[in-house]
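**Student:** These are the residues of each chain, in order.
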Amino acid sequence: MSGGGLYSGLRVVAGVAVVVFVWQAASVLFHIPNYTLPSPFAIAAVMLKEWRPLLENSLVTLTESVIGFGLSIVISVPLGILIVYSRWAEQVIYPILVASQAVPKVALAPIFVVWFGFGLLPKVLIAFFIAFFPIVVNTVIGMARTPREMIYLMRSLGASPVQILLRVQLPSATPYIFAGVKVAAAFAVVGAIVGEFIAATSGLGYMQLVADNNFQTDLLFGTLVALSVMGIALFYLVGLVEFLVLPRPLRQTRVDGGSSL
Amino acid sequence: MLNKRAHIVWAAIAASIIVATWQSAAADDKKLEPLHLRLNWQMKGEFTPFIVAVQQGYFRDQGLDVTVAEGSSATQALQSVASGQDDIAYVPSVQLIKAVNQGMPVKAVATVAKVDSMGMVSTAKVPLSSPSDLEGRTVEISAASTFSQIWDAFARKNKIDVAKVKVVRVAPGARFNLLLSGKVDILADIFITNEYPVLESKGQKLNTLKVGDYGFPLIGYTLVASNDVIDKKADLVKRFNAAAAKGFQFTIDNPDKAAEIAAKAYPEQLKADITKGQVKELVAFLKLGEPRQLFLGNDDLWSKTVKLLKDSGAISQQKPVSVYYTNKFVPR
Chain C
28 MSGGGLYSGL
38 RVVAGVAVVV
48 FVWQAASVLF
58 HIPNYTLPSP
68 FAIAAVMLKE
78 WRPLLENSLV
88 TLTESVIGFG
98 LSIVISVPLG
108 ILIVYSRWAE
118 QVIYPILVAS
128 QAVPKVALAP
138 IFVVWFGFGL
148 LPKVLIAFFI
158 AFFPIVVNTV
168 IGMARTPREM
178 IYLMRSLGAS
188 PVQILLRVQL
198 PSATPYIFAG
208 VKVAAAFAVV
218 GAIVGEFIAA
228 TSGLGYMQLV
238 ADNNFQTDLL
248 FGTLVALSVM
258 GIALFYLVGL
268 VEFLVLPRPL
278 RQTRVDGGSS
288 L
Chain W
61 MLNKRAHIVW
71 AAIAASIIVA
81 TWQSAAADDK
91 KLEPLHLRLN
101 WQMKGEFTPF
111 IVAVQQGYFR
121 DQGLDVTVAE
131 GSSATQALQS
141 VASGQDDIAY
151 VPSVQLIKAV
161 NQGMPVKAVA
171 TVAKVDSMGM
181 VSTAKVPLSS
191 PSDLEGRTVE
201 ISAASTFSQI
211 WDAFARKNKI
221 DVAKVKVVRV
231 APGARFNLLL
241 SGKVDILADI
251 FITNEYPVLE
261 SKGQKLNTLK
271 VGDYGFPLIG
281 YTLVASNDVI
291 DKKADLVKRF
301 NAAAAKGFQF
311 TIDNPDKAAE
321 IAAKAYPEQL
331 KADITKGQVK
341 ELVAFLKLGE
351 PRQLFLGNDD
361 LWSKTVKLLK
371 DSGAISQQKP
381 VSVYYTNKFV
391 PR
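Each protein sequence line maps, in turn, to chains C and W. Mapping of the first sequence onto this note's numbering: position 180 corresponds to residue 207, and the numbering continues sequentially without gaps. Mapping of the second sequence onto this note's numbering: position 165 corresponds to residue 225, and the numbering continues sequentially without gaps.
Since the hints were derived computationally from the structure, they do not count as laboratory data. Don't be surprised by glycine CBs; every beta carbon is placed ideally from N, CA and C. Be careful, since some hints might not be right.
To give a feel for the contact side, a few chain W residues facing chain C, derived at Cβ under 7 Å [stated by the list, open to error]:
#  : residue
1  : Ser132
2  : Ser133
3  : Thr135
4  : Ser140
5  : Lys158
6  : Val228
7  : Val230
8  : Pro232
9  : Leu240
10 : Gly242
11 : Pro277
Derived Cβ-Cβ restraints for the label pairs, each shown as a range [what the hints assert, rightly or not]:
#  : chain 1 : residue 1 : chain 2 : residue 2 : range
12 : C       : Val45     : W       : Gln264    : 57 to 63 Å
13 : W       : Ser143    : C       : Ile138    : 41 to 47 Å
14 : C       : Gly36     : W       : Ser143    : 37 to 43 Å
15 : W       : Ala325    : C       : Arg114    : 32 to 38 Å
16 : W       : Lys367    : C       : Phe57     : 33 to 39 Å
17 : C       : Ile138    : W       : Ser192    : 45 to 51 Å
18 : C       : Phe68     : W       : Lys367    : 30 to 36 Å
19 : W       : Ala332    : C       : Pro122    : 52 to 58 Å
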């Protein structure tokens, strides 16, 4: 399996290298102006030159995303359990949650800024609001998918509802929960950026706005690269945690029976 | 039978007359050439002259069907013109000069405001009598604004210690609430011709500061076209300028009527009383500076602006002025 992992890793690197090569060649051959589409070399050059502000701003956005993301896990999983166990919660809270997703977070952001100022809090809240929903939904679905036979078996052994929850339902729901958490990781980054677009003093979204309006298209792309790296890193970090925490039978499987991060 | 044939003949004549007039009317409409004007901001009273030119039919008289489109920043308007998506942009000179320096194939075809109206505003309890009043304050400078382009240079020139200024980038729509609720102390990126009348109308007493008084008397708004359009659609640009100039002249001569026309055309975005205030400020600024003639620029004016931007460090190159602007399309 580790051999397979290395091979697929190499394939990814090779794929990226091809894209970068074609892009660079096209930039030079077709004389694409820097302000339309900077070449990979130009982007790399500016990222090296501005590595310090890029790193500092990346850390700000990362902090906002991770806190919002963490908050969403801590609140969403118990909320999902509540919705499965409580008729009232399912009929009252769940629809409200679904409706809340229809509110564009871009519209909430200016309100949050007036209420909470320019610091971390408004961005964390927007990241939380975007990220919590996939986790709630996946928790609910995952728990509902627990095989009935296992629950009957536990009951026949005299298990209490709490024991059934902790030993059967929650574990069997974990693949779904982790899937929701992976989606939430990417969403949390988006949420942090949306917050920064509305009002910020730092962060990659802030850097992107300033670069864009200063005609620094290469730096703009540099911030996009940094953002992509951040999103990918978070996604695979969740995958790593899943790999470490879950026993093999529960890990996300592919159609062909192999397993992947 | 004669009657019936006569009826048919008369019907045929009437039908052909109707079709002929319909076709010629349609053909007249077909003769209107389309042209896209991209503004640098959401609709505001400052854009009234263009609305007037559309509503009063000045563009139509020149055979043009002009679409006036809102924008979100001067940078984006210039990119849109450079890439050919729009024909003409209405942007402040600062971003045009930066765009040209970046190699964007664009040029000003009309120097509209010889003096720009950048300014700052604060509520009564925040003093704003000189640039040093920014120190120790939370100052809002939207990334999309013109002032954002020269903020570093302005701070240097006026010896503001930027470490003591908390600069906040805010989406333009969120600015007013933040100022009025006290979350920011100073809006440094406003135009006296735009945001100031809006804030005034909220009834609060305000302090203002004109950026132009503190070392940055720059050219204001310009009409910009791509070099491609200038070469291949020169006649279109000439006719556009002629009609637009008429819109500006009408606004200067009849500011209140112009404001009413604009507010009627865009009732959601433009409230009549605020628009009247904005048009009043606009007309006052249009009357400033040299040369006096509408849309006319000259080398002296342009080189002063470019040199100022270069000396203050806002831009790093100073190209010959003929690269930045042309008077070829200015109506005589």
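**Student:** Take the hints in turn and mark each one as holding or not.
**Tutor:** Verification of the hints:
1. Interface hint status for Ser132(W): violated, as the beta-carbon distance to the closest one in chain C is roughly 10 Å, over 7 Å.
2. A hinted interface residue such as Ser133(W) counts as satisfied when its beta carbon comes closer than 7 Å to some beta carbon of chain C; here the least separation is about 6 Å, so the hint holds.
3. The interface hint given for Thr135(W) is met, as the beta carbon of that residue sits about 5 Å from the closest beta carbon of chain C, less than 7 Å.
4. Residue-level restraint check for Ser140(W) is violated (minimum Cβ-Cβ distance to chain C is 12 Å; threshold 7 Å).
5. Evaluation of the Lys158(W) hint against chain C yields a held restraint, the C-beta minimum of about 5 Å falling below 7 Å.
6. For Val228(W), the shortest C-beta to C-beta distance to chain C is roughly 5 Å, which falls under 7 Å, so the interface hint holds.
7. For Val230(W), the interface hint holds, since its Cβ comes within 7 Å of a Cβ in chain C; the closest pair sits about 5 Å apart.
8. For Pro232(W), the suggested interface contact is broken, since its CB lies about 10 Å from the closest CB of chain C, more than 7 Å.
9. Because the closest C-beta pair between Leu240(W) and chain C is about 10 Å apart, greater than 7 Å, the hint is violated.
10. At about 10 Å, the closest approach between the beta carbon of Gly242(W) and any beta carbon in chain C exceeds 7 Å, and the interface hint on this residue is violated.
11. The closest approach between the C-beta of Pro277(W) and any C-beta of chain C is roughly 22 Å, which is over the 7 Å cut-off, so the hint fails.
12. The given range of 57 to 63 Å is respected by Val45(C) and Gln264(W), whose C-beta atoms sit roughly 59 Å from each other.
13. Hint check: Ser143(W) to Ile138(C), Cβ distance near 35 Å, so the stated range 41 to 47 Å is violated.
14. Between Gly36(C) and Ser143(W) the beta carbon distance is about 38 Å. The supplied range of 37 to 43 Å therefore holds.
15. Against the hinted window of 32 to 38 Å, the Cβ-Cβ separation of Ala325(W) and Arg114(C) comes to about 55 Å, which falls outside the hint.
16. The supplied range of 33 to 39 Å is met by Lys367(W) and Phe57(C), whose beta-carbon atoms lie about 35 Å from each other.
17. Take Ile138(C) and Ser192(W): their Cβ atoms lie about 34 Å apart, and the range 45 to 51 Å is violated.
18. The beta-carbon spacing between Phe68(C) and Lys367(W), approximately 33 Å, falls within the hinted interval of 30 to 36 Å.
19. Checked against the hint of 52 to 58 Å, the pair Ala332(W) and Pro122(C) fails, with Cβ atoms roughly 43 Å apart.
In the structure shown, a violation is registered for the earlier hints numbered 1, 4, 8, 9, 10, 11, 13, 15, 17, 19, in ascending order.
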